[in-house]
Amino acid sequence: MPSVNRTNTLPSWLDSETLDLIKDVIGVLSERHPDLIAVILYGSVARHEERSLEAPNPSDVDLLAVLDSDDPHVDLHQGDALFHTLGLAYNRHLDAPREVKVMFSSRTLQEWDPTFIANVAHDGIVLFTRGSLPAPFAA
Amino acid sequence: MLAEAHRQAAEDIEQTILPLQTASYAARVVIEGAWGAAFHWIGYGCATKHQSHQESHARLGTFLRRQGEEAVAEWWENLDYVRQGGWYGKNTDSMVVQHALDLLERIRRWATQ
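Quick note, the sequences are listed as chains W and F, same order. Under numbering that gives the first Met the number 0, the first sequence has 81 at position 82, and the numbering climbs by one with no breaks. Under numbering that gives the first Met the number 0, the second sequence has 28 at position 29, and the numbering climbs by one with no breaks.
Hints were generated in silico from the structure; no laboratory data involved. The C-beta atom is built at its ideal place from N, Cα and C for all residues, glycine as well. There may be inaccurate statements among the hints.
Away from chain W, derived, C-beta distances all over 12 Å, residues of chain F [what the hints assert, rightly or not]:
#	residue
1	ALA4
2	SER23
3	ALA25
4	GLU31
5	LYS48
6	GLU76
7	GLN112
Derived DEER-like restraints, expressed as beta-carbon distance ranges [claimed, not checked]:
#	chain 1	residue 1	chain 2	residue 2	range
8	F	LEU17	W	ASN90	32 to 38 Å
9	W	THR114	F	TYR24	17 to 23 Å
10	W	ALA117	F	SER51	39 to 45 Å
11	W	GLU53	F	LEU17	41 to 47 Å
So that you can see chain W by itself, here it is in the shape it has in the complex (with noise of 0.2 Å):
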């Protein structure tokens, strides 16, 4: 059984209601989905070069869910329990100021652009692991 290893890297330049919101979404795929195997922030919330709160339209949290299947189609696959999932966090939090946004990936990370997930692993914050994280994410 790999080990569960959360680190505590949340930024702290986001507002209390939307972290608590990340928490959650990372609590319940993480306990719904055995075969998460890594979540990272990524986008300008990771770069901490977010729009803020008083503009018109506030920076997305993007985050990118990786699952333990070789399957480029996991996301399409299991996307109704995982859209079902997601929605367990986002109804009890329909007051944070942010939208949090996950994208899926299976852990060989084939079915995205290389340039994305070289994006995503210099400029990712790794919010919770369990076992090891694919290679261009374990440097």
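Let chain W serve as the given structure and place chain F on it in line with the hints.
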């Protein structure tokens, strides 16, 4: 937009994309169209069922949940995910296109039932 205008927009988009669904070069356009048609069906469905709808896709899932439409919110967020994936360089093969069209079909059925 009024409810009927949303319905007309959804039907116009569907009529445009359905002939393209087997053309591999058109995958991103079909996905984009499925997303757009779904947005208009949600506008139509919310207007007719809840007498309230949103003219923007921003935070549409949250709006749907506030109306008690959790299942539709999940379908919409799944379709929005498929669309967003296309712009991040995710593969957009025929299986992805079919998935987008299946989600559109669920949303259309909800809106028109």
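- Return the numbers of the hints above that this structure violates; sort them in rising order. 6
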